[in-house]
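Trainee: Sequence:
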Amino acid sequence: MDGKIVLIDGHSILNRAFYGVPDLTNSEGLHTNAVYGFLNIMLKILDEEKPEYLTVAFDVKHPTFRHEMYADYKGTRKGMPEELKEQVPLIQEMLRAMGVRLVMKEGYEADDILGTIARQAEKEGLEVSLVSGDRDLLQLATDRIMIRIPKTKRGGTEIENYHTQDVIDKYGITPPQIIDLKGLMGDASDNIPGVAGVGEKTAVKVLTAFPTVEEAYAHLDEVTPKRTHDLLEKGREQAILSKALATIKTDCELDYSLEEAHIPELFNEKSFAMVKRLEFKSLLKRFDKKQQEQATKHLQIQNLKTKEQWQEFFRHLYQSNPSIVGVGFLADHWASEGARKKKAKKSGGQLAFVFDDGDAGIMEEHTGDQEKEYPFYGISVSYSAEDEVHTACIMAGEALTSAEIVAELRKLVETIDHIAVLGWKDMLHHMTPIEELSREHEAAGQDGFPAATVEEQKTLFTKIADLEIAAYLLNPLKDTYQVDDIARDYLDMTISSYAELFGKKRIAELYEEETQKDAMMQYLGQLSFVPCLAYGAVREELEEQDMWQLYEEIEIPTAYYLYQMERLGVCADGRVLTDMSASLQGTIEGLEKDIYALAGEEFNINSPKQLGVILFEKMKLPFAKKTKTGYSTSADILDKLRSEDPIIPKILEYRQVTKLKSTYADGLPVYIEEDGRIHGKFNQTITATGRISSTDPNLQNIPIRMELGRQLRKVFTPRRNWVFLDADYSQIELRVLAHLSGDPELIEAYRENKDIHRSTASKVFHVSFDEVTDLQRRNAKAVNFGIVYGISSFGLGQDLNVSRKEAEKFIEQYFETYPAIKTYLDGLVEDARNKGYAKTMFGRRRPVPELSSSNFMQRSFGERVAMNSPIQGTAADIIKIAMIRVSQKLLEEGLQAKVVLQVHDELLVETPVEETEKVREILEQEMAHAAELAVPLEVEVEEGSNWYEAH
DNA sequence: CACTCTGCT
DNA sequence: TAGGTAGCAGAGTGA
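Numbering of the first sequence is given in UniProt numbering, commencing with residue 1 and proceeding in unit increments.
It should be emphasised that the hints constitute simulated quantities derived from the structure, not laboratory data.
A few of these clues could be false.
As the list claims (entries may be wrong) - Straight-line alpha carbon distances no greater than 27 angstroms define the calculated DSS-like cross-link-like pairs of lysine-lysine that follow:
| no. | residue 1 | residue 2 |
| --- | --- | --- |
| 1 | 763 | 809 |
| 2 | 835 | 822 |
| 3 | 285 | 505 |
| 4 | 85 | 44 |
| 5 | 50 | 285 |
| 6 | 517 | 285 |
| 7 | 754 | 661 |
| 8 | 714 | 458 |
| 9 | 918 | 458 |
| 10 | 625 | 640 |
| 11 | 809 | 822 |
| 12 | 650 | 661 |
| 13 | 805 | 781 |
| 14 | 270 | 285 |
| 15 | 270 | 85 |
| 16 | 281 | 505 |
| 17 | 628 | 640 |
| 18 | 618 | 628 |
| 19 | 659 | 593 |
| 20 | 123 | 4 |
| 21 | 620 | 593 |
| 22 | 505 | 478 |
To be verified - What follows is a set of in silico ranges between Cβ atoms, one per label pair, in the way DEER data are often shown:
| no. | residue 1 | residue 2 | range |
| --- | --- | --- | --- |
| 23 | 721 | 667 | 23 to 33 angstroms |
| 24 | 477 | 753 | 37 to 47 angstroms |
| 25 | 417 | 748 | 41 to 51 angstroms |
Computed from a predicted structure; not experimentally measured.
For each residue, glycine too, the CB sits at the ideal point set by N, CA and C.
Modelling step: build the complete structure from the supplied sequences, incorporating the hints.
Mentor: What follows is the structure in structure tokens.
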């Protein structure tokens with residue numbers, strides 16, 4: 001027989017890969033670095049050798065490695081770290097998915113299996129490559145059996161190769177003598193004792209004189225020098241035993257035939273699913289297009305071309321009276337009009353973007369006198385009937401106008417019990433034509449589509465199944481909840497992602513290309529098909545995890561009011577920004593000049609690398625602290641150097657001013673639309689804790705701490721003749737902590753409405769309330785914050801600029817003052833460790849896989865997460881409830897005021913002057929009673945003619 | 001594309 | 001042992 005076989009020592013290579021590849025986790029929190037490294041090593045070897053056969057051997061159950069014992073810093077033995085252990089079944093599953101022949105047999109170790117197969121294959125005339133990290137295997141090397149030992153170094157994998165001669169060259173002995181070598185010198189990592197006192201040098205010397213251990217003992221008298229002779233004499237039993245231990249069997253009884261080891265098609269449907277699950281993006285390209293298309297072939301999509309077909313489809317749909325209908329859509333970002341310079345952005349389950357030329361979506365023909373514009377490119381609808389899923393796609397503008405499509409969608413929402421979508425908020429935008437938007441602005445009391453009263457809104461909420469939000473609740477750690485993710489996670493189905501089908505191309509481009517039509521149809525079909533089918537499983541899962549109420553009563557309404565908020569936007573004065581930009585530019589140029597003069601040369605101040613060299617090498621300033629790539633020049637480091645050199649304050653000011661200019665003064669105007677308002681996006685499925693995040697632009701990080709930056713808030717105004725009311729929770733997280741922990745001292749302090757930091761200081765430092773010094777109060781405040789974040793003495797020390805010891809003492813004293821908090825926080829960690837997740841008051845979960853890490857840093861992080869998430873998350877839940885209630889109350893009371901921004905513990909409301917008092921009352925009431933806690937929720941409401949004044 | 005830095009709560 | 005405050009978005013540099 002001709003050809004080649006590659007044999008792999010599974011555990012050994014997995015182990016190598018684990019320590020050679022930096023920690024990787026997929027979004028489920030599974031550790032994947034060893035699997036990844038293993039596949040890379042294996043694929044590299046297969047690419048190189050192009051063998052006909054492949055087999056991987058594993059020990060059956062082997063939590064510890066025989067040869068490469070994991071050791072901690074003291075060198076003591078430990079079991080396999082958890083992160084590695086969990087990857088053993090993963091790699092096996094992956095290899096099975098690839099169709100690779102695995103061999104495991106009770107009672108045999110992997111190297112015995114490999115030895116047996118290697119010899120057998122050699123006998124049959126094959127070239128053998130035996131891949132292992134274990135040098136014991138060298139005993140098997142021959143001219144036809146090559147032992148390959150991979151080394152994972154940074155920059156790739158290098159492999160050492162050994163045929164007979166290579167072993168001789170390197171060790172001075174023949175491969176079979178490796179056994180004798182181990183017999184004499186032993187192997188500490190392997191529990192092979194060897195002969196006491198004999199190391200590698202001596203052993204090799206002996207083996208050069210006598211070919212085997214047995215020979216050496218047969219001629220023991222001839223062994224020199226005396227010392228060696230004596231050692232051997234004493235260690236005879238050990239030597240014989242050790243040699244036996246070191247011998248790899250080559251005669252195992254295996255159910256193994258070469259035929260089964262033929263290399264399969266590694267890149268098939270199953271392994272594709274697995275690679276996607278583990279998120280090995282670089283491996284995806286190994287799977288060819290065909291494979292990917294095959295995976296989705298069974299999805300039957302009707303491509304509707306005429307109005308008649310469309311009507312027919314819906315007739316059948318309504319006739320079947322399905323309880324659930326999936327809806328998918330392809331669209332630009334709804335706010336593209338007037339914002340054409342922005343870059344392409346992804347949003348929700350689809351690609352959303354804005355144009356960079358004059359093209360502005362699809363214009364429809366006139367309806368009445370008005371032009372209605374919808375940024376739809378096409379939609380799809382799915383429903384099941386008679387055990388079959390029917391999916392239809394239609395492109396806007398082909399047979400139906402967008403207006404007709406939207407009308408149909410509205411009817412669908414009214415008629416059908418459950419509408420399943422990915423990204424309902426975006427769908428709402430696309431169903432609200434721009435024309436209605438502008439009318440909204442003028443009328444400003446009229447609620448837009450689709451529900452004009454709170455009752456109607458509530459009915460609507462019960463119908464919406466937003467799979468994106470649901471999937472987020474089930475695992476908030478993932479970074480996308482796109483259609484392929486949902487299909488994989490809840491339907492065990494592999495479908496093509498947008499990126500796989502279209503790469504980075506935007507929908508507008510695809511729309512122009514005739515050749516992309518099929519792929520677009522397929523993708524569009526998935527967008528309704530997948531939510532429709534996944535709804536059942538996802539709902540069940542949410543109910544099982546007690547999150548259905550959270551989903552229904554908090555998240556869905558939140559999505560709706562976020563939609564309204566985005567739709568409305570907030571006024572921004574572009575002229576003020578332009579003026580600020582010019583004035584900042586002047587400041588920057590002055591600072592540049594000063595800095596160059598002080599440094600004695602010109603350089604890029606924005607480059608931390610160049611700056612570090614200037615400060616710490618050229619100017620020899622002290623306290624140089626290095627990061628991975630150079631010196632740290634962060635603000636807290638520079639702050640400590642403030643008095644060392646006049647250049648430092650200049651640099652800090654430069655940083656501040658350039659940030660203000662680039663991010664805000666120059667960054668914001670791009671987002672001002674034709675209506676004079678910024679319609680930022682509020683994302684509901686980003687944060688791990690349940691907070692909302694803000695992008696395009698980020699309206700949640702507008703400066704406030706520094707006066708110069710704070711001026712930017714004057715840019716944000718209510719519309720003409722209206723005012724802003726800004727409502728702010730006071731210390732919501734600490735109050736949540738008081739409630740959740742039930743600590744009587746803290747609760748008491750809040751009930752008495754005391755200055756909480758002062759109160760804490762007085763108790764912690766045992767001084768009377770009035771005698772608390774500023775420093776004490778500051779320290780207490782920092783500890784209070786630290787507690788909320790999951791304190792560490794190290795971090796607190798940094799924060800307070802005191803030693804770790806002192807910080808530790810503060811914490812200790814704090815916990816003495818509030819013992820219930822200590823108990824509570826410990827309980828949180830314990831609970832998260834047991835359950836695997838942390839939970840908020842309203843049932844929101846956050847998985848904490850880090851808690852089971854063997855890495856101290858990871859584990860500590862997990863502990864902080866376990867302490868912080870319930871607190872931050874509960875506060876996030878509360879403000880969502882507040883936002884919902886405020887929005888509903890405003891509508892119910894017939895008021896025109898609208899929420900325009902949410903900044904974690906703050907709501908900014910645009911209000912007609914005459915409504916001010918009513919609105920203020922509503923904000924105070926609804927926010928304060930969004931949740932009933934053991935302590936009052938205090939709300940501060942302020943009024944102003946811009947955001948600067950109101951906050 | 002990773003890293004550093006800075007803005008907010 | 002060395003090293004970390006929690007949660008985000010965006011700009012800029014440099015490989």
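Trainee: Run every hint past the structure and note whether it holds.
Mentor: To see whether the hints hold, each was checked on the structure:
no., hint, verdict
1, 763 / 809, "holds (14 angstroms)"
2, 835 / 822, "holds (20 angstroms)"
3, 285 / 505, "holds (17 angstroms)"
4, 85 / 44, "holds (24 angstroms)"
5, 50 / 285, "holds (19 angstroms)"
6, 517 / 285, "holds (23 angstroms)"
7, 754 / 661, "violated (40 angstroms)"
8, 714 / 458, "violated (36 angstroms)"
9, 918 / 458, "holds (23 angstroms)"
10, 625 / 640, "holds (12 angstroms)"
11, 809 / 822, "holds (14 angstroms)"
12, 650 / 661, "holds (16 angstroms)"
13, 805 / 781, "holds (18 angstroms)"
14, 270 / 285, "holds (15 angstroms)"
15, 270 / 85, "holds (23 angstroms)"
16, 281 / 505, "holds (18 angstroms)"
17, 628 / 640, "holds (21 angstroms)"
18, 618 / 628, "holds (20 angstroms)"
19, 659 / 593, "holds (18 angstroms)"
20, 123 / 4, "holds (12 angstroms)"
21, 620 / 593, "holds (21 angstroms)"
22, 505 / 478, "holds (23 angstroms)"
23, 721 / 667: 23 to 33 angstroms, "holds (29 angstroms)"
24, 477 / 753: 37 to 47 angstroms, "holds (38 angstroms)"
25, 417 / 748: 41 to 51 angstroms, "holds (49 angstroms)"
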